[in-house]
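Novice: Hey, can you work out the whole structure from these sequences and the hints?
Residue numbers (the working numbering), protein chains in the order written: chain C, 1038 to 1430; chain F, 1038 to 1430.
If you are wondering where the hints come from, they were derived from the structure by calculation, not from laboratory data.
These numbers were taken from a predicted model, which means no experiment stands behind them.
Treat each hint with caution, since some may be false.
Given that identical chains are not distinguished, each listed pair holds provided it fits within a single copy or across any two copies.
[Claimed, not checked] Taking lysine-lysine pairs in the DSS-like style, the calculated list, with each CA pair at most 27 Å apart, reads: (1) K1319 x K1084; (2) K1057 x K1127; (3) K1127 x K1048; (4) K1427 x K1417; (5) K1224 x K1121; (6) K1062 x K1224; (7) K1335 x K1417; (8) K1058 x K1127; (9) K1400 x K1427; (10) K1121 x K1335.
2 protein chains.
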Amino acid sequence: MRYSRRMERVKPSAIRSVQKKIVQKQGVISFAAGLPDPDYFPLADLKTATMEMMEESGRSALQYGMTKGYAPLLDLLVERMRAKEGIDAKPENILMTTGSQQGLSMCAMLFLDEGDVVVAENPSYLGGINACRPYGCGFIGVDTDEEGMVIADLDNVLSENPKVKLLYVIPNFQNPTGKAWSLERRKQFMEVINQYDVVVIEDNPYGEIRFRGEAVPSLKSMDTQGKVVYLGSCSKILCPGLRVAWICADESVTTQFEQIKEGLDLQCNQFAQMQVASYIQKFDLDAHVETIKAAYKKRCDLMLSLMQEHFPSSVTYTKPEGGMFIWVELPTSLSADEILDDAIESGVAYVPGEYFYANEGAKNTIRLNFTTVSEEQIQKGVLLLANVLKKYI
Amino acid sequence: MRYSRRMERVKPSAIRSVQKKIVQKQGVISFAAGLPDPDYFPLADLKTATMEMMEESGRSALQYGMTKGYAPLLDLLVERMRAKEGIDAKPENILMTTGSQQGLSMCAMLFLDEGDVVVAENPSYLGGINACRPYGCGFIGVDTDEEGMVIADLDNVLSENPKVKLLYVIPNFQNPTGKAWSLERRKQFMEVINQYDVVVIEDNPYGEIRFRGEAVPSLKSMDTQGKVVYLGSCSKILCPGLRVAWICADESVTTQFEQIKEGLDLQCNQFAQMQVASYIQKFDLDAHVETIKAAYKKRCDLMLSLMQEHFPSSVTYTKPEGGMFIWVELPTSLSADEILDDAIESGVAYVPGEYFYANEGAKNTIRLNFTTVSEEQIQKGVLLLANVLKKYI
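Specialist: Written out as structure tokens, the structure is:
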């Protein structure tokens, strides 16, 4: 078979090999996941919402619909983005996608030519980077501090690299670091990018899962030049299996996305869009999100306090105000990847942080997930991990 | 905004402008649709299947799943392809897609480099052609006769054009012509393509909707060299709103599709895959397809007999053995596109056939759909159309 040249750039996710190792060893406590906790899916309410929707308009839910998406859902999302993110949008700005991953791959398709450069936080979400790879772009990582992307570094990168076309950022509780950007840093970021002919992808799957601190407005809400493409998702606040997510962009850009979407897969699942609309109309999504936040906060706090107690003092880590992940830095001489087999043998797993870099990554880093482990597993797992780390430090 | 260069090739579907015209004029009888009849969606049974699935395994249905697809559904599709299409496949050969449209766009992404050539039936499904356009390929159309693609023409095209990489064909009740290929022609086609380093996309959404004549095995069932990528779909035999479709290919090719899919959207809707699996396990999909076939046959036969009676004798048309469409040829001096406004004014609509060609199309052609019109509408609509045609002939 003669595949296209772009396939030389498409590589299987490195995280898969970690997951395979974990599956092979029974009983491992896994901090390596990236999933929401299924115990917090509102199953009973979704069942009612689904049944009532099928009774009211089942045949429309099973038929083809609009490429842009199900109109009543677009209205509900406009309302929610206004309330939660300060975004002033109309249904014309929105297009539904199959998960935010499709939003990412559609951005890559819409904007990237071979040789273009994508700037991302260093580290960043691997799926965002991989969505761009087929298009033959280069990547430049910009470091973050506790306030967000380091502005001086960003400015340098943009002024020195005229081929930068896209910036990919996750300003709320980033995967993998769990960091959130401050308001001041967001303003500075927008000031800088407004001086360049670039597009920003603001990926915000975790924004509503803030369990500490004050909510900070989205970059999109500060976007006066129509440069931000905002990606929203129901995967973390409701459930990922329905793959209901959306793009919010300037209307002229959304029209382009619509044409791409038509060629890609005509439209998203109509039934799922109507399920979600029915659920939002009939139940209290805000109250449900509060439940998730309380559960995740408890687990995150427990994990942090155990890490504080048991980890060697040379190990540092983020203290997330939301989301699903903690980012750990070991002494620079250590490789988390090399320690992983030992950790799995001891009964605990994580993802080495180096996999989350577009280019060369920091080998002494670890991503820990706290959403799919019980408090008992956290108790046990952090101790196991602490003991493994102590062997090397 | 600086869009990618590929966006210069992405154009909105010409069929949309027809649909817009129709919507603007109330009460028009539309033969311009391309949808299955929603009255024949098995709504009550799908509701039961959905409810029971949510009770049995609701949380899994709402969670992330495998990129390839939901394993029990893959098993059911293997079984069905064996029974209906003579295809000897394993679950390893299958990857679920968001409608067959995604199968098409993934084939384009996997195989096409700029300058490659795609061979398609002349005319062909516009969505298939549009899925390829972003990748900068050329198109060559090969004519069909009543048996299928004209083999001598195909052989000429392949021998004269070494840049041909993909062949896109719909051997059963093609959209837009309604034609089905004979067994002999399929064998000849496979003999020819086996002599070249090419890949065949066999798009088969309508195969099971055969309401006349004998079933003919798929090209994939005759594929000894792993050159055929088969696209199956639940959209026409069950419903399109769930977007449940699949690719069946050589395992090495499916592995490549899996990597592409991961970057595109991670995976299809898990819930919808489990809905369909539950429906197939608990209800009789074969019996349901018989119901659809009986309904569509009745409408097709009525339409054909009225056309026979009322159309000017210089107008010719296909007599489909299945599917959803009839293809009409007017005297060559006429343009169906120019007549369309007059037809809509008279109260009847169709899609001009010229839109279904990758390159220049035959202006004297019309696609008629018979699945979303009642018998009463067919009675009235064919008469109206006959009267319009008589004005020009």
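Novice: A separate judgement is required for each hint: does it hold in the structure or not?
Specialist: Hints, one by one, checked against the model:
With identical chains, the CA atoms of K1319 and K1084 are at most 27 Å apart both within one copy (12 Å) and between copies (19 Å). For the identical chains of this complex, K1057 and K1127 are inter-copy neighbours only, at 22 Å across copies versus 44 Å inside a copy, given an alpha-carbon limit of 27 Å. In the homo-oligomer, the alpha carbons of K1127 and K1048 lie at most 27 Å apart only across protomers (24 Å), although the nearest pairing inside one protomer, at 38 Å, exceeds that limit. In this assembly of identical chains, K1427 and K1417 lie within 27 Å of each other by CA distance solely inside one copy; the values are 16 Å within and 84 Å between copies.
Taking the closest pair of Cα atoms, K1224 and K1121 come within 27 Å of each other only inside a single copy of the chain (18 Å); across copies the shortest separation is 60 Å, beyond that limit. Taking CA atoms no more than 27 Å apart as the test, K1062 paired with K1224 passes in neither setting, with 47 Å inside one copy and 50 Å between copies. For the homomeric pair K1335 and K1417, the shortest alpha-carbon distance inside one copy (16 Å) is at most 27 Å, but the shortest distance between copies (67 Å) is not. In this assembly of identical chains, the alpha carbons of K1058 and K1127 lie at most 27 Å apart only when taken from different copies (25 Å versus 46 Å within one copy).
In this assembly of identical chains, the alpha carbons of K1400 and K1427 lie at most 27 Å apart only when taken from the same copy (17 Å versus 78 Å across copies). Taking identical chains as interchangeable, the C-alpha atoms of K1121 and K1335 lie at most 27 Å apart only when both belong to the same chain, with a minimum of 23 Å there against 53 Å between chains.
In terms of the numbered hints stated before, the structure departs from hint 6 and from no other.
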